[in-house]
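Here's the letter readout for the chains.
Number of protein chains: 2
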Amino acid sequence: MHNNQVMEQISYAAQRPNLDAVFAALADPTRRAILSRLAAGEASVNEIAAPFEMSQPAVSRHLKVLERAGLIERDVDRQRRPARLKAEPMATAVSWLEEFKQFWSSSFDQLDGLLEELKKVEAKGGE
Amino acid sequence: MHNNQVMEQISYAAQRPNLDAVFAALADPTRRAILSRLAAGEASVNEIAAPFEMSQPAVSRHLKVLERAGLIERDVDRQRRPARLKAEPMATAVSWLEEFKQFWSSSFDQLDGLLEELKKVEAKGGE
Chain Z
3 MHNNQVMEQI
13 SYAAQRPNLD
23 AVFAALADPT
33 RRAILSRLAA
43 GEASVNEIAA
53 PFEMSQPAVS
63 RHLKVLERAG
73 LIERDVDRQR
83 RPARLKAEPM
93 ATAVSWLEEF
103 KQFWSSSFDQ
113 LDGLLEELKK
123 VEAKGGE
Chain R
3 MHNNQVMEQI
13 SYAAQRPNLD
23 AVFAALADPT
33 RRAILSRLAA
43 GEASVNEIAA
53 PFEMSQPAVS
63 RHLKVLERAG
73 LIERDVDRQR
83 RPARLKAEPM
93 ATAVSWLEEF
103 KQFWSSSFDQ
113 LDGLLEELKK
123 VEAKGGE
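Residue numbers (the numbering used here), protein chains in the order written: chain Z, 3 to 129; chain R, 3 to 129.
Keep in mind that the hints are not guaranteed to be accurate.
[What the hints assert, rightly or not] Some chain R residues near chain Z, calculated using beta-carbon distances under 7 Å:
| # | residue |
| --- | --- |
| 1 | V78 |
| 2 | L99 |
| 3 | F105 |
If you are wondering where the hints come from, they were derived from the structure by calculation, not from laboratory data.
Even for Gly, the Cβ is constructed at its ideal location relative to N, Cα and C.
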């Protein structure tokens, strides 16, 4: 592989995803469902629209939002213009969220404690 | 602890966070900055507004969005009404995103491969 070709691919892959656009794209149940559908493989607008009982223009609008957020890419060359999942921006979103992990884990630990206590209470017949 | 008190706390903690509201709340750099600020400890509207050079009403609007998404809670009793981080909905967001982990990991593996290749090319003097 040529040096500049490698550089080009690295610079493309290293582009910092726009967290505003990524989170905004994810804030819609239809778009999340489309991403789940694309996790099973690339699909054309018609193929995506079918199971969702959505119009093709509605799907196209959602695809545009996902594309701008970098979460999918579409083939320009091929007539069906299939959409394909690009999950990397999700990794960035997760890495931002995981800075807060200590805050949610400690609360879940407390919940575990509560569940244990409930089991004991129930085992004793609710005393 | 009483059985119904335990139940109440579990049912509260087990409430399914609204992913639409959570992702929408996260889709704003100011709101993400406020969450980071609150990770350092509870703060009043004034305390939150100060470092951001934002008006108090602007901060209040952001806090309302965060509160509705379940990402913060505010003390009603105390006069300063300090806001406090509630990170659990982030855990739900991460768990949704992690279903896609295989897709971003494989791409990052490919990037690792590219970086290795680049190092070799450079070591050889860019041939």
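Hints, one by one, checked against the model:
1. V78: Given a least distance of 20 Å, the restraint on V78(R) is violated.
2. L99: Hint holds; L99(R) Cβ to chain Z Cβ min 5 Å, cut 7 Å.
3. F105: Interface hint status for F105(R): holds (4 Å vs cutoff 7 Å).
Of the numbered hints stated above, the single one contradicted by the structure is hint 1.
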